[in-house]
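Chemist: Given the structure of chain P, go ahead and fit chain R onto it with the hints provided.
There are 2 protein chains.
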Amino acid sequence: MKMNDFAQPALAETLPFAAWMGAVQARMDQALARLLPSPGVAPARLHEAMRYATLEGGKRVRPLACFAAGELAGAAAERLEVAAAAVEMIHAYSLVHDDMPCMDDDVLRRGKPTVHVEYDVATALLAGDALQSLAFQLLAEHRLADDPAAQLEMVKALAVASGSRGMAGGQQIDLESTGKALPLPELEFMHIRKTGALIRAAVLLGAACGAALATDERARLDRYVQCVGLAFQVVDDVLDAEASTATLGKTAGKDSKRGKPTYVSAMGASRARQFAEELRREAHAALAPFGARARRLGELADFIVLRKF
Amino acid sequence: MKMNDFAQPALAETLPFAAWMGAVQARMDQALARLLPSPGVAPARLHEAMRYATLEGGKRVRPLACFAAGELAGAAAERLEVAAAAVEMIHAYSLVHDDMPCMDDDVLRRGKPTVHVEYDVATALLAGDALQSLAFQLLAEHRLADDPAAQLEMVKALAVASGSRGMAGGQQIDLESTGKALPLPELEFMHIRKTGALIRAAVLLGAACGAALATDERARLDRYVQCVGLAFQVVDDVLDAEASTATLGKTAGKDSKRGKPTYVSAMGASRARQFAEELRREAHAALAPFGARARRLGELADFIVLRKF
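Respectively, the protein sequence lines represent chains P and R.
Position one of the first sequence corresponds to residue 45 (the numbering used here), numbered consecutively onward.
Position one of the second sequence corresponds to residue 45 (the numbering used here), numbered consecutively onward.
The following block holds chain P by itself, in its conformation from the complex (with noise of 0.2 Å):
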């Protein structure tokens, strides 16, 4: 398949899942490396690290979330596409962070070392930095939605799910609770910041790209995003516990060895299998009444749960 046929809707519908993800992660390899800035331009080394940190890796959960979400909207690819580099910029600004020494201190990632690894501390500390600054200014500067307003809620959107009430707050709040047993509800209260809030930002973004949806079109998207955002936390725990480094390409088990409480931990892994499976049907029950257009957001809650990697 070419890529510009991915941006033809009677085409893309057509495809099995796998190869429409192949597609989506094909066109945002290529839209990444070009809104990123170029290695040749000055601080060079700056920019070479922004590159290492989000080009080449990692499945593109959230571009996938956010494609997905506009297809249920009728979103224009070229749309989607700047829309899901700006989550993915977050998302890799916050993987740099989250590496350092002074958070998880970890050298692997998606198979190669981590930036700190690979450059230095303060070139992983000013990446990051500066991946978040350009993530805002990719949401300002193309045009994303017929009304700037509602492109300004789109902003808006992605602060709140980057900030002290979204991800980075979840991120505070797994810091200290290593070595602590959380109950259940303090777990979802965590991971709902952590990792929820930024595949809900994807969702949303996507969505605000196309057509307005209803009221309750709208609740039932997010009700949808937040059983797949929980969900793909207590994969992810369920994962670490059980796979091997060379299959997860990170440090696998390292969330048990710091003593940071997991759903394994906390509920077994049998049941957290369990939960995850209640999610991905409640998901699929948020989406039953959008039929069709919400196909691509059935099979990414499918994925997402029965994934193996």
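Hint data in this document are derived by calculation from the structure and do not stem from the laboratory.
One or more of the hints may lead you astray.
Note: identical chains are not told apart, hence a pair may lie in one copy or across any two.
Straight-line distance between alpha carbons at most 25 Å, and here's what the computed DMTMM-like set of lysine to aspartate or glutamate pairs gives [to be verified]: (1) K352 to E122; (2) K200 to E185; (3) K352 to D73; (4) K224 to D73; (5) K156 to D280; (6) K156 to E230; (7) K200 to E122; (8) K200 to D190; (9) K304 to E232; (10) K103 to D266; (11) K224 to E162; (12) K200 to E92; (13) K224 to E92; (14) K304 to E92; (15) K156 to E326; (16) K103 to D260; (17) K103 to D73; (18) K103 to E230; (19) K304 to E326.
Modeler: Coordinates of chain R only, in the frame set by chain P:
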């Protein structure tokens, strides 16, 4: 003077600069305290660290620049305080990250322990990250311009000023130039990014809160702020070389001790003072055609160049 008197232009215009500055600073302290997350909201420690990093300190040069430019464009103080708070949060986050052990490893800032000393390094990292997100949230969620498209331009301006081709890029060049004798053009290239970009953003955002300027007026304002931004850094270098730690409220003489290139090391203190004075005159020349509307901008240039701390 009561705080709300400040919003009455007729009164504000009659204030001597020192009183105007004090009023803006007091207003900003109140605005920041209101716009930062409450320390009672979870995660409390993160929110406390964000407030610690931002409140009670600093000359608020960027907010002063924002308000002074707002006066030129007839902007409402209610808009200016939000725009200025966004810029100040970017500045505060950059100080928190800059003080971290992997960067300047500094323990004193504004006469108080730095954030990573008062809290811990991981919390400092996340507080800085979350302050950056909050800055963009503020620019998106408050009505700051009559035209939402113009407000998206404000988001873009702050993002560009903060990112790899602005402040973060300047810090990277600063890191890489330690121990080197930079030629003057490269020293200027660094400082235009490291310090100048954010002061420029403060002026552009302040002007954008008011009536649109003509193209030639924008060019003059830009010329003004390029001179003032550079002068600010030149004077900082002179003060850092000459002042004591007690006067400065931060570790004095640290740049030269670390082998960082400064205007003093590049051209000597006497010539650096003279250069700052030339920039001050050039800034005034750029403002001249504006007449009385640019009074505060002119006074601010004087304050920046003639200050003793």
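Chemist: State for each hint whether it applies.
Modeler: Status of each hint after checking the structure:
{"no.": "1", "hint": "K352 to E122", "verdict": "neither (31 Å within a copy, 53 Å between copies)"}
{"no.": "2", "hint": "K200 to E185", "verdict": "both (15 Å within a copy, 6 Å between copies)"}
{"no.": "3", "hint": "K352 to D73", "verdict": "within (23 Å within a copy, 51 Å between copies)"}
{"no.": "4", "hint": "K224 to D73", "verdict": "neither (39 Å within a copy, 37 Å between copies)"}
{"no.": "5", "hint": "K156 to D280", "verdict": "within (19 Å within a copy, 41 Å between copies)"}
{"no.": "6", "hint": "K156 to E230", "verdict": "neither (33 Å within a copy, 34 Å between copies)"}
{"no.": "7", "hint": "K200 to E122", "verdict": "both (21 Å within a copy, 19 Å between copies)"}
{"no.": "8", "hint": "K200 to D190", "verdict": "both (17 Å within a copy, 18 Å between copies)"}
{"no.": "9", "hint": "K304 to E232", "verdict": "within (14 Å within a copy, 47 Å between copies)"}
{"no.": "10", "hint": "K103 to D266", "verdict": "within (22 Å within a copy, 43 Å between copies)"}
{"no.": "11", "hint": "K224 to E162", "verdict": "between (32 Å within a copy, 23 Å between copies)"}
{"no.": "12", "hint": "K200 to E92", "verdict": "between (28 Å within a copy, 22 Å between copies)"}
{"no.": "13", "hint": "K224 to E92", "verdict": "between (38 Å within a copy, 22 Å between copies)"}
{"no.": "14", "hint": "K304 to E92", "verdict": "between (32 Å within a copy, 23 Å between copies)"}
{"no.": "15", "hint": "K156 to E326", "verdict": "neither (36 Å within a copy, 51 Å between copies)"}
{"no.": "16", "hint": "K103 to D260", "verdict": "neither (30 Å within a copy, 49 Å between copies)"}
{"no.": "17", "hint": "K103 to D73", "verdict": "within (11 Å within a copy, 44 Å between copies)"}
{"no.": "18", "hint": "K103 to E230", "verdict": "neither (27 Å within a copy, 40 Å between copies)"}
{"no.": "19", "hint": "K304 to E326", "verdict": "neither (27 Å within a copy, 58 Å between copies)"}
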